[in-house]
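Participant: Numbering (numbering that gives the first Met the number 0), first residue to last: 0 to 369.
Quick caveat, the hints were computed from the structure, so don't treat them as lab data. Incorrect hints may appear among the rest.
Unchecked claim - Cross-link-like lysine-lysine pairs, in silico, BS3-like; alpha carbons within 30 Å at most:
1. LYS289 / LYS170
2. LYS148 / LYS253
3. LYS197 / LYS44
4. LYS253 / LYS278
5. LYS168 / LYS57
6. LYS57 / LYS148
What the hints assert, rightly or not - Label pairs and their in silico Cβ distance ranges:
7. ASN28 / ARG275: 17 to 23 Å
8. HIS61 / ASN32: 20 to 26 Å
9. ASP313 / GLY70: 45 to 51 Å
Keep in mind that this is a model prediction, so the values were computed, not measured. The C-beta atom is built at its ideal place from N, Cα and C for all residues, glycine as well.
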Amino acid sequence: MSNIKNGVYHRNDIDLIISVDYQESDARNQVVNIATSFSWNHGQKTVITHRTNLGLRKHILHCGDLTAEYGSIILLEDDLVVSSQFYSYAQDALQFYNEDERIAGISLYNHRRHPLNRFDFDTIPDDSDVYFLQFASSWGQAWTSGQWKGFKDWYKNATILQNDSIPEKVKSWPESSWLKFFIKYLVVHDKYFVYPNKSFTTNFSDSGTHNKSKNTDFQVPLFSGEMNSLRFKEIDHAINIYDAFFELIPDVIKTLNKDLEGIDFTVDLWGMKPLRVVKTNYLLSTKPLKNTASGHRKGYALEMKPPVLNVISDLPGNDIKLSEANLFENDFKGLDISKNLVWDYFVFKLIPSVYVKIFIKKVLLKLRKK
Numbered sequence: 000m001s002n003i004k005n006g007v008y009h010r011n012d013i014d015l016i017i018s019v020d021y022q023e024s025d026a027r028n029q030v031v032n033i034a035t036s037f038s039w040n041h042g043q044k045t046v047i048t049h050r051t052n053l054g055l056r057k058h059i060l061h062c063g064d065l066t067a068e069y070g071s072i073i074l075l076e077d078d079l080v081v082s083s084q085f086y087s088y089a090q091d092a093l094q095f096y097n098e099d100e101r102i103a104g105i106s107l108y109n110h111r112r113h114p115l116n117r118f119d120f121d122t123i124p125d126d127s128d129v130y131f132l133q134f135a136s137s138w139g140q141a142w143t144s145g146q147w148k149g150f151k152d153w154y155k156n157a158t159i160l161q162n163d164s165i166p167e168k169v170k171s172w173p174e175s176s177w178l179k180f181f182i183k184y185l186v187v188h189d190k191y192f193v194y195p196n197k198s199f200t201t202n203f204s205d206s207g208t209h210n211k212s213k214n215t216d217f218q219v220p221l222f223s224g225e226m227n228s229l230r231f232k233e234i235d236h237a238i239n240i241y242d243a244f245f246e247l248i249p250d251v252i253k254t255l256n257k258d259l260e261g262i263d264f265t266v267d268l269w270g271m272k273p274l275r276v277v278k279t280n281y282l283l284s285t286k287p288l289k290n291t292a293s294g295h296r297k298g299y300a301l302e303m304k305p306p307v308l309n310v311i312s313d314l315p316g317n318d319i320k321l322s323e324a325n326l327f328e329n330d331f332k333g334l335d336i337s338k339n340l341v342w343d344y345f346v347f348k349l350i351p352s353v354y355v356k357i358f359i360k361k362v363l364l365k366l367r368k369k
């Protein structure tokens, strides 16, 4: 918590609210003592100590409701470290996107890994410092009262169903997850979170409700530049717009590859979308076809990073297929890890032993033939 003292603040009316959930342990008393003794010189400090255990979901919902009183909030959980510029970024982003009804929140964190498959996640370099993602942020986020009210009004009658068009792993998250509800809200109402290409928070994933042990898989470098160099962009003029599966949306791909303009297709380069969520006639996917002899309308290689650049650059190959959706295998087999870029670059390079690599590759080839 002391890390926020290093922030750059140009005002002295910034309220700090520390919300401490209840639990029967000595650790809670220590947390309350730390919160009470923490000095804050940039505005009023308030410590909320809950008398009953809310759990993660209700606790986040309680914090989000503070937007009604304060107009907007920045929410930081206790396992985050912030950039010195985190407040300026959040303030500027909230102001820039305040009137855009398609924006449902601001992330302070930048995904450098896909959170569901842990492959590297890269956006397309352009003249902006933000991207748009239909996946809410839980590692440092900001909301206006209007953004939060839109979610809460929908949340009153919300349930997670098996046929929802959100990732399977998200559906399997425990009932304590508020995040899976917000992700569904984004999908249902076609809204997005704004993400920075440079991160203003980093996640230590300390042990807690959703982590049995500490890990650093999602630590990222923190932004340390000047805020006047950050470039925001309206979503209507952006090319980095991604759905809940971290797939670039078809409209952007059609803009960048004119040959695909007249085709109605769904994007599934990670191979994570069940066919039941595909509503278009065509699918652009790395999934295998049921019958390879039947062919496909168009094929692309998997040699460029990020993978979608192979489609945008019209690089021929057979790793990415554009075909009728019903011709693909439905089971999730992921990308063709026996030979393509994702395996060689994201996974294979991490194994130091040549003999282990050969052994694993042989095993995978056998599994694929079954």
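Participant: Would you pick out the hints that fail for this structure and give their numbers low to high?
Facilitator: Those not satisfied are hints 2 and 7.
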